[in-house]
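> Heads up: the protein sequence lines correspond to chains A, B and C, in order.
Numbers given in this note's numbering equal positions in the first sequence, counted from 1, plus 6.
Numbers given in this note's numbering equal positions in the second sequence, counted from 1, plus 246.
Numbers given in this note's numbering equal positions in the third sequence, counted from 1, plus 4.
A hint or two may mislead.
List of simulated lysine-lysine pairs, BS3-like, C-alpha gap at most 27 Å [claimed, not checked]: (1) A:K76 <-> C:K347; (2) A:K100 <-> C:K336; (3) B:K434 <-> A:K100; (4) C:K51 <-> C:K520; (5) C:K338 <-> A:K77; (6) C:K114 <-> C:K127; (7) A:K99 <-> B:K384; (8) B:K503 <-> B:K250; (9) A:K100 <-> C:K517; (10) C:K77 <-> A:K43; (11) B:K283 <-> C:K517; (12) B:K283 <-> A:K77; (13) C:K241 <-> C:K294; (14) B:K503 <-> C:K111; (15) A:K76 <-> B:K573; (16) A:K76 <-> B:K277; (17) C:K539 <-> B:K503; (18) A:K43 <-> C:K293; (19) A:K17 <-> C:K127; (20) A:K17 <-> C:K520; (21) C:K98 <-> A:K43; (22) C:K217 <-> A:K18; (23) C:K457 <-> C:K539; (24) C:K42 <-> A:K17; (25) C:K338 <-> C:K77; (26) C:K241 <-> A:K18; (27) B:K251 <-> B:K277; (28) C:K338 <-> A:K76; (29) C:K127 <-> A:K18; (30) A:K77 <-> C:K273; (31) C:K502 <-> A:K77; (32) C:K363 <-> A:K76; (33) C:K347 <-> A:K77; (34) C:K293 <-> B:K283; (35) C:K362 <-> A:K76.
Hints listed in this document are in silico derivations from the structure and should not be mistaken for laboratory results.
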Amino acid sequence: MPKDNEKNSIKKIICRCEEITEEEIREAIREGYTTIKSIKRRTRAGMGLCQGRTCSTLIRDIIAEMTGDKKEDILPDSVRPPLYPVELSVLGKKVNKE
Amino acid sequence: MKNKKSYEVTIIGGGVCGCAIAYHLAKEGVKVALVEKGDICSAASGANLGFSVLSYRQNPITLKMAQDQLLVLRELSQELEIDIEYAESGGLIPITNQEELQVLSSMVDRCHEWGFKEIKIVNPQRANQQEPALDREKIIAAVYCPLEGILNPINLTIGFANAAKRNGADIYANSSVIGFEITNKRIKEIILPAEKIKTNLVISAAGAWTRELINMVGVDLPIYYERGEAMISSPVSRIIKGAVTDGILFTEASSIKSMIVGACLAQSASGGIILAQSTTEGEDYNIQNSPFGLSLVARRVLSFFPALKNLNIIRMWSGLVSFSEDKQPVFGFLDNPTNMFVVTGFHSTIGIASAIGNMVKEVYFREGSSYDVSAYSPLRFIKKSSALVKGDN
Amino acid sequence: MERMREVELLVIGAGPAGLGAAIEASRYGVKVLLVDDKDKPGGQLFKQIHKFFGSKEHLAGTRGFDIGLHLLKEADSQGVEISLQTKVLGTMDKDVISLLVKEREMKLLKAKRIVLATGGIEKALSFPGWNLPGVMSAGAAQTLINIERVLPGERILMVGSGNVGLIISYQLLQAGADVVGIVEAGSSITGYLVHAGKVMRAGVPIYTSHTIKEARGGKSVEEVVITALDRRWNPIKGIEKTFSADTVCISVGLNPNGQLASLAGCEFKFFPELGGFLPLHDDNMESTKKGIYIAGDLSGIEEANSALDEGRLAGISVAASLGYIDSNRFAKLKEDYWDRLNKLRGGPFGHKRSIAKKKILLSSQQKEMRYQEIDCIELEENTKLKNYKSIPSLKEFQEFPGYPSLSRIKKGAVACIECIQEIPCDPCVAACPFKAININPYITDLPYLDENKCKGCGVCIASCPGQAIFVLNYNYSSEKAAISFPYEYLPYPKIGGKAVGVNRKGEPVAEVKIVKVDKRANFDKTAVITIACDKKYINQIRSIERIKDDA
């Protein structure tokens with residue numbers, strides 16, 4: 007779990023689902039992780055319930071600011087199913103081939 | 247004109263293998279380049295459950311590697327300056343029928359023969375102690391190994407990569423290898439989209455892309471890949487203690503048409519439960535999810551762990567895992583070109599990546615190898631195929 | 005082995021774009037399955053309680069949710085199969101589509117054609133304290149008040165002065181909350197002035213060149229701090245305002261919701277004018293993945309009318325591709341829809357989007373863009389949008405053709421149209437029984453008032469979705485003038501009672517008397533209130549202070 011004292015300090019959170027701060031993201035960029043996907047792997051930002059729908063454009067802005075890359079070249083993360091959370095019991099039901 | 251960068255060693259493949267090798271070499275002062283066509287840890291290494299496996303290592307050599315690695319894993323977070331979230335919380339293989347029991351008892355016996363005593367067949371009650379959420383009515387026995395556990399494969403891979411960089415390695419991410427400049431049976435340069443780099447030694451750690459990469463130097467190795475699917479839930483309070491691997495995966499019964507399905511699970515440090523796996527033959531590097539695979543996994547998981555029925559699944563993915571024709575690892579030099587070294591097909595690589603990195607270092611410095619890996623040479627495939635073909639290759 | 009169902013056309017998303025596609029495709033014989041994740045179809049329409057802009061074909065002047073019901077009826081009557089609470093989990097191997105129905109059941113199916121109409125999702129804005137309870141997107145607040153009938157809070161700061169922020173601020177006032185202010189980082193109001201006019205008349209200040217600095221509070225938002233920005237968008241130290249507030253609504257734009265399109269393999273490109281990364285489409289609305297069509301906000305953030313027309317176009321393209329419409333007929337229908345879309349995108353508000361849409365078509369055809377660039381610069385010069393930091397002055401309104409001359413005002417009751425931006429809208433034209441209002445030749449042209457034909461009957465007041473039409477009766481009595489204006493707040497004032505007349509900025513001007521409260525049914529819940537005041541205020545008073553509901 008992320009460091010507790012860092013969470014309690016008034017640092018601006020970028021990924022609300024996983025509570026990843028702006029500083030953690032900037033640190034990852036400084037380490038050389040300059041794509042949305044690699045920042046996700048390095049920090050967990052975008053791995054939570056909303057799967058990056060909220061934080062991804064914010065992260066793009068930070069990458070653009072720090073690297074000078076154009077926003078159009080900072081590609082979104084890959085999309086995977088399920089596009090909505092699904093309960094394991096429902097997933098495991100006998101599948102109806104509609 | 248910009249001078250071409252020159253490296254003693256270039257590693258192709260930024261998964262856990264490539265990154266571990268980069269770290270172990272860079273640590274010793276070797277000038278290393280790591281080339282990866284996507285992001286670091288973007289393929290199989292990022293897709294797996296993070297099991298540290300001992301019990302079902304296929305042979306005594308990799309079993310010994312894994313055993314020795316335990317000491318390393320326990321200190322690796324400190325060494326790599328990243329929390330690899332290693333938890334030696336035990337491994338369990340639930341057994342549901344006599345066939346599984348037979349196969350797995352033999353496996354346990356073999357482990358004992360190979361000097362690994364900390365593994366045994368336990369009764370359902372004991373299994374339940376290891377995994378309280380397991381429905382012990384569903385099993386007749388289980389394989390239990392207290393020294394197995396789980397870790398975070400992404401942090402591990404990134405940890406190796408970061409540590410390699412700190413030790414002077416250069417990482418070329420989002421750089422596909424387009425080709426090689428070969429003179430007199432030696433690779434002189436590697437051609438990337440933006441530049442060419444000079445190197446003395448090339449190490450292929452390219453996983454599912456090994457065959458394609460080696461084809462670029464005129465060699466064809468029987469290295470294939472399968473697509474393994476997995477999914478993860480949103481974080482929940484701790485309910486799964488260690489690594490769980492379905493006993494059915496050790497028998498033919500796990501095969502449903504052309505898909506192999508079994509229930510494997512682990513709960514990550516952040517609380518999400520990773521559930522796997524449905525495996526199909528790899529084709530065209532397709533990493534889409536199958537329509538049924540994870541549904542079958544879900545059903546199987548719930549038959550063992552009914553308490554998980556309300557888990558919210560938030561992401562599904564798949565990884566392409568390489569394997570060689572004889573299912574044994576590949577570790578060794580090609581004979582033409584002479585300066586290409588191939589590493590792949592270890593299975594459950596995550597737990598022994600550091601050992602692999604160290605072995606490559608030993609090869610590089612011509613130290614004696616800690617393990618007898620002579621049987622893993624890729625030449626075993628080339629010699630075989632040249633025996634079938636008349637004339638020169 | 006059981007064969008998987010294969011539908012002819014699967015439309016994903018039952019907002020205006022999806023409904024449009026389903027209606028048109030089914031009209032020509034395609035069997036359509038329309039799915040939506042909500043329990044009511046209509047997408048954003050059901051949250052829209054205000055009257056829509058546009059033309060007759062777009063049901064302009066009708067409230068959003070009524071448009072939704074109307075489209076739904078049309079789809080129903082054409083035999084469109086509608087499956088609600090149906091979430092598309094994704095496209096899997098071999099083009100199989102996985103669905104989750106009512107959270108209980110998984111279904112798999114295949115489709116010959118797919119129309120993706122998945123809409124847009126709101127952009128986030130991060131600032132210290134944005135993760136406190138009480139901070140939400142404006143759309144979330146709108147769902148709470150218009151669907152769930154729950155106030156998100158009592159004192160609300162709105163961030164963003166685009167149409168979404170302005171409209172939702174207005175609806176929050178209608179729901180009984182106080183909007184302490186609207187902050188806009190840009191130097192001018194970005195939404196339509198008529199929407200800004202409504203909220204400013206209600207006393208809500210709009211702070212341009214300002215942004216939210218911080219939200220503070222213990223367990224939830226208690227206070228907000230806004231800061232002024234310089235020309236380089238940097239906070240100006242020392243110029244801050246603090247408000248007590250319990251809610252912050254963020255309305256800084258939308259992104260196309262391209263998740264499913266991306267998963268299905270459509271090619272994306274970045275167009276900031278249309279919300280960011282979006283899937284490319286050709287002039288049939290087909291994406292780069294054969295058989296998958298897109299429409300609505302997914303293809304670029306615009307508004308409901310173009311969503312509806314793009315949906316209809318996608319629907320007929322699907323029908324044509326399946327052989328239900330012959331190529332000549334299809335060409336004519338397609339031309340008509342592009343004509344309508346171009347008209348909607350005409351005028352200064354649409355020109356950036358218009359250019360971007362042209363670029364999208366060219367991208368999908370992989371054509372050279374340089375020719376179009378020249379075209380676009382010309383377009384830009386001709387339709388420069390004037391920037392406003394606030395409501396224009398009286399003098400400015402008087403320069404436009406909707407404002408009656410002083411001499412005509414002195415002759416007696418006459419309409420006064422304070423609509424000075426070129427937006428695609430014309431219900432006032434049809435509303436006037438004397439044909440005194442003209443908007444031509446383009447729907448985006450400004451309304452022209454023929455003050456000789458106008459009798460001051462006031463029927464036009466309730467027809468204007470922008471609430472920008474008033475009736476000025478200088479000669480109500482020897483001492484008093486009467487002013488009629490639209491009013492959509494409860495409680496209504498009592499006839500014969502007194503109220504505080506306010507000007508365009510919501511500033512109190514004078515005490516007025518309520519003369520009439522016209523609630524006739526065909527005004528569709530826009531009451532028209534007539535007040536009597538001193539004649540000197542004829543050009544100033546445009547509304548009254550809202551009456552606080554004590555209940």
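> Give a verdict on every hint.
Outcome of the hint check:
no.: 1; hint: A:K76 <-> C:K347; in the structure: violated, 32 Å
no.: 2; hint: A:K100 <-> C:K336; in the structure: violated, 48 Å
no.: 3; hint: B:K434 <-> A:K100; in the structure: violated, 57 Å
no.: 4; hint: C:K51 <-> C:K520; in the structure: violated, 30 Å
no.: 5; hint: C:K338 <-> A:K77; in the structure: violated, 34 Å
no.: 6; hint: C:K114 <-> C:K127; in the structure: violated, 32 Å
no.: 7; hint: A:K99 <-> B:K384; in the structure: holds, 19 Å
no.: 8; hint: B:K503 <-> B:K250; in the structure: violated, 52 Å
no.: 9; hint: A:K100 <-> C:K517; in the structure: violated, 70 Å
no.: 10; hint: C:K77 <-> A:K43; in the structure: violated, 44 Å
no.: 11; hint: B:K283 <-> C:K517; in the structure: violated, 76 Å
no.: 12; hint: B:K283 <-> A:K77; in the structure: holds, 21 Å
no.: 13; hint: C:K241 <-> C:K294; in the structure: violated, 54 Å
no.: 14; hint: B:K503 <-> C:K111; in the structure: holds, 21 Å
no.: 15; hint: A:K76 <-> B:K573; in the structure: violated, 45 Å
no.: 16; hint: A:K76 <-> B:K277; in the structure: violated, 32 Å
no.: 17; hint: C:K539 <-> B:K503; in the structure: violated, 88 Å
no.: 18; hint: A:K43 <-> C:K293; in the structure: holds, 24 Å
no.: 19; hint: A:K17 <-> C:K127; in the structure: holds, 21 Å
no.: 20; hint: A:K17 <-> C:K520; in the structure: violated, 56 Å
no.: 21; hint: C:K98 <-> A:K43; in the structure: holds, 26 Å
no.: 22; hint: C:K217 <-> A:K18; in the structure: holds, 12 Å
no.: 23; hint: C:K457 <-> C:K539; in the structure: holds, 23 Å
no.: 24; hint: C:K42 <-> A:K17; in the structure: violated, 36 Å
no.: 25; hint: C:K338 <-> C:K77; in the structure: holds, 24 Å
no.: 26; hint: C:K241 <-> A:K18; in the structure: holds, 20 Å
no.: 27; hint: B:K251 <-> B:K277; in the structure: holds, 11 Å
no.: 28; hint: C:K338 <-> A:K76; in the structure: violated, 36 Å
no.: 29; hint: C:K127 <-> A:K18; in the structure: holds, 17 Å
no.: 30; hint: A:K77 <-> C:K273; in the structure: holds, 11 Å
no.: 31; hint: C:K502 <-> A:K77; in the structure: violated, 56 Å
no.: 32; hint: C:K363 <-> A:K76; in the structure: holds, 18 Å
no.: 33; hint: C:K347 <-> A:K77; in the structure: violated, 31 Å
no.: 34; hint: C:K293 <-> B:K283; in the structure: holds, 25 Å
no.: 35; hint: C:K362 <-> A:K76; in the structure: holds, 22 Å
Checked against the numbered hints listed earlier, the structure breaks hints 1, 2, 3, 4, 5, 6, 8, 9, 10, 11, 13, 15, 16, 17, 20, 24, 28, 31, 33; every other hint is satisfied.
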